[in-house]
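A.B. asks: Spelled out, the chains give:
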Amino acid sequence: MAFLALDGLTASYGGKADVLSDVSLRFAKGEVVGLIGPSGSGKSSLLRALVGLLKPRAGKVTIGDEVVDYGSRASLRAARDRFAIVFQQYNLFQNMTALRNVAIAPTLVKKRPSAQVEEEARALLTKVGLGAKFNAYPDELSGGQQQRVAIARALALHPDILLLDEVTSALDPELVNEVLDTIRALHADGMTMLIVSHEMAFIREVATTVVFMDQGRVVEVGPPAQIFDAPQSPRLKEFTAKILRH
Amino acid sequence: MWAQITEEAPRFFGYWNLMFLGEALVNTLLLSWLGATIGFAFGFLFAICRHPRLFGVLPLRILATTYVELFRRIPFLVKLMCVFFAFQLSGAQVSLFTMALVTVVLSAAAFAAEIARAGLESIPAPQWDAAEAMNFGRWRVLWTIVLPQSWRVVLPPLFGYTVGFIKSTSIASQIGVMELTYAAKILNTRGFSALLCFGTILLLYFLICWPTKHVGERLERRLATRPVRQGMP
Numbered sequence: 001m002a003f004l005a006l007d008g009l010t011a012s013y014g015g016k017a018d019v020l021s022d023v024s025l026r027f028a029k030g031e032v033v034g035l036i037g038p039s040g041s042g043k044s045s046l047l048r049a050l051v052g053l054l055k056p057r058a059g060k061v062t063i064g065d066e067v068v069d070y071g072s073r074a075s076l077r078a079a080r081d082r083f084a085i086v087f088q089q090y091n092l093f094q095n096m097t098a099l100r101n102v103a104i105a106p107t108l109v110k111k112r113p114s115a116q117v118e119e120e121a122r123a124l125l126t127k128v129g130l131g132a133k134f135n136a137y138p139d140e141l142s143g144g145q146q147q148r149v150a151i152a153r154a155l156a157l158h159p160d161i162l163l164l165d166e167v168t169s170a171l172d173p174e175l176v177n178e179v180l181d182t183i184r185a186l187h188a189d190g191m192t193m194l195i196v197s198h199e200m201a202f203i204r205e206v207a208t209t210v211v212f213m214d215q216g217r218v219v220e221v222g223p224p225a226q227i228f229d230a231p232q233s234p235r236l237k238e239f240t241a242k243i244l245r246h
Numbered sequence: 001m002w003a004q005i006t007e008e009a010p011r012f013f014g015y016w017n018l019m020f021l022g023e024a025l026v027n028t029l030l031l032s033w034l035g036a037t038i039g040f041a042f043g044f045l046f047a048i049c050r051h052p053r054l055f056g057v058l059p060l061r062i063l064a065t066t067y068v069e070l071f072r073r074i075p076f077l078v079k080l081m082c083v084f085f086a087f088q089l090s091g092a093q094v095s096l097f098t099m100a101l102v103t104v105v106l107s108a109a110a111f112a113a114e115i116a117r118a119g120l121e122s123i124p125a126p127q128w129d130a131a132e133a134m135n136f137g138r139w140r141v142l143w144t145i146v147l148p149q150s151w152r153v154v155l156p157p158l159f160g161y162t163v164g165f166i167k168s169t170s171i172a173s174q175i176g177v178m179e180l181t182y183a184a185k186i187l188n189t190r191g192f193s194a195l196l197c198f199g200t201i202l203l204l205y206f207l208i209c210w211p212t213k214h215v216g217e218r219l220e221r222r223l224a225t226r227p228v229r230q231g232m233p
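Protein chains in written order, with the UniProt record's numbering: chain G, 1 to 246; chain E, 1 to 233.
What the hints contain is simulated information worked out from the structure, not anything from laboratory work.
Note that the structure is a prediction, hence the values are computed from the model and not measured.
Here a beta-carbon is modelled for each residue, glycine too, at the ideal position from N, C-alpha and C.
Accuracy of the hints is not assured; some may be wrong.
Said to hold, decoys possible - In silico contact screen, one side only, chain G against chain E (beta carbon under 7 angstroms); selected entries:
| # | residue |
| --- | --- |
| 1 | VAL51 |
| 2 | LEU53 |
| 3 | ARG77 |
| 4 | GLN89 |
| 5 | PHE93 |
| 6 | GLN94 |
Stated by the list, open to error - Pair by pair, the computed Cβ-Cβ distance ranges are:
| # | chain 1 | residue 1 | chain 2 | residue 2 | range |
| --- | --- | --- | --- | --- | --- |
| 7 | G | PHE134 | E | PHE198 | 51 to 61 angstroms |
| 8 | G | THR62 | E | ALA125 | 20 to 30 angstroms |
| 9 | G | ASP69 | E | SER90 | 45 to 55 angstroms |
| 10 | E | PHE71 | G | THR62 | 43 to 53 angstroms |
| 11 | G | GLN232 | E | ALA125 | 32 to 42 angstroms |
| 12 | G | ALA225 | E | ALA125 | 34 to 44 angstroms |
| 13 | E | THR66 | G | LYS55 | 20 to 30 angstroms |
| 14 | E | ARG222 | G | PHE134 | 20 to 30 angstroms |
| 15 | G | LYS55 | E | GLY176 | 54 to 64 angstroms |
| 16 | G | ALA17 | E | LEU77 | 47 to 57 angstroms |
| 17 | E | ARG221 | G | ALA241 | 54 to 64 angstroms |
| 18 | E | ALA41 | G | SER114 | 24 to 34 angstroms |
| 19 | G | ARG112 | E | LEU203 | 52 to 62 angstroms |
Just chain G, with the same shape it has in the complex (with noise of 0.2 angstroms):
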């Protein structure tokens, strides 16, 4: 039995066209899934959607045996407390430090002991690399601290599925590495994610099942030797013929 699964997800913003029309797609627990495609694909859109930001107007998302339904506050609240989303410009809350930044969902939201949270958020922050750098405020830290920051926040939350959207692409060529590390060891410990990235090198590397979109809709699906060695449809044989190149 998939341990996340999409049926038919079509959503809009606003009215407007499509951004995501009939997505249909299923993981396992532990599968690093690399979500590839053009810009305005639709493969951001699908991680807002999945944590609520964006509300789907048609079709079904299964977290384990739970169906989520968007339209009702309950199930919403239960389906954020199992995924954690990572944002390309980190989103930080500009007016805590680092420490707090990965402290306050937990200890506010999910009413753990403050103590307990501050020490786990201390092990969290050192294990991305930031013990030093626990009371620095979101200006004082570079872009991949920052994303570091932001990951670390996230992992506070214990989701069942993390979402990376874009996590390296607002980063220094030289600041990538830190963070992509960050990730290797994230997927060493096994856990499930959702990585929307333009590093295709990364995503063969740690993806396990990679998604190919475009339009709005999932293109192709695979594991990373299929798609980016032996595409199967004309669209994606486009799109690797072209970042191939570079």
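Here the structure of chain G is known, so what remains is to put chain E in place on it, guided by the hints.
C.D. replies: Positioned in the frame of chain G, the structure of chain E alone reads:
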């Protein structure tokens, strides 16, 4: 002229006149500070009503926007007259002071709503997204994330307007509210020279405006201790 003033001064600063001016000063302070405080509280509520992520009810948003856009564009004196005649028509037994206070509240609410809106909107949508995805309720986002970052944007113009309201209350003398300007007019008609009367309240206005500005600056430093630099990668 100086001879006249030095001759009048001992009588002018006599006990009864000082009590009279003191009462007027208290009224001016009450009108401006109390009026601004109540008005700002309402303005803040309006800003919340207009914020799509806090209160998405369309009729309420339209209502709040209409109020804000209308009342920011009417001169204080016109608002004062409207309130004055509205109370007269309604037949309610209300003091002139209350009418002036209501006018200040109506103005302050409209201006503060606009300032608070700018403050709330200064927090970029991605921070809302992150918080919502982590199951923060909207009021918690407002309280823990948005407000602490808004003070920086909100406080300077808010105190600027408060100083403006202190000055606007002088217009309330037009309907006979016993505040500083009206007191000066009365003392003037009692025979004291205009320079002495209005020179004295000029000093008093300055003495209340100056600390107001400083309280604002101190509050700003305390609440927004960390200047947020923009545009970092």
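A.B. asks: Against each hint, give a clear statement of whether it holds in the structure.
C.D. replies: Verification of the supplied hints:
1. VAL51: At 4 angstroms from the nearest chain E Cβ, VAL51/G passes the 7 angstroms test, so the hint holds.
2. LEU53: holds (5 angstroms)
3. ARG77: holds (6 angstroms)
4. GLN89: Hint holds; GLN89/G Cβ to chain E Cβ min 5 angstroms, cut 7 angstroms.
5. PHE93: holds (5 angstroms)
6. GLN94: holds (5 angstroms)
7. PHE134/G - PHE198/E: 51 to 61 angstroms: holds (59 angstroms)
8. THR62/G - ALA125/E: 20 to 30 angstroms: holds (29 angstroms)
9. ASP69/G - SER90/E: 45 to 55 angstroms: holds (51 angstroms)
10. PHE71/E - THR62/G: 43 to 53 angstroms: Cβ of PHE71/E to Cβ of THR62/G: about 52 angstroms, so the range 43 to 53 angstroms holds.
11. GLN232/G - ALA125/E: 32 to 42 angstroms: Once the Cβ atoms are compared, 38 angstroms apart, the range 32 to 42 angstroms for ALA125/E and GLN232/G holds.
12. ALA225/G - ALA125/E: 34 to 44 angstroms: The hinted range 34 to 44 angstroms holds for ALA225/G and ALA125/E, with Cβ atoms some 39 angstroms apart.
13. THR66/E - LYS55/G: 20 to 30 angstroms: holds (29 angstroms)
14. ARG222/E - PHE134/G: 20 to 30 angstroms: Holds, at about 24 angstroms.
15. LYS55/G - GLY176/E: 54 to 64 angstroms: holds (58 angstroms)
16. ALA17/G - LEU77/E: 47 to 57 angstroms: At 53 angstroms between Cβs, range holds.
17. ARG221/E - ALA241/G: 54 to 64 angstroms: holds (59 angstroms)
18. ALA41/E - SER114/G: 24 to 34 angstroms: About 31 angstroms separates the Cβ atoms of ALA41/E and SER114/G, which means 24 to 34 angstroms holds.
19. ARG112/G - LEU203/E: 52 to 62 angstroms: holds (59 angstroms)
Going down the numbered hints, you'll see the structure goes against none, and every one checks out.
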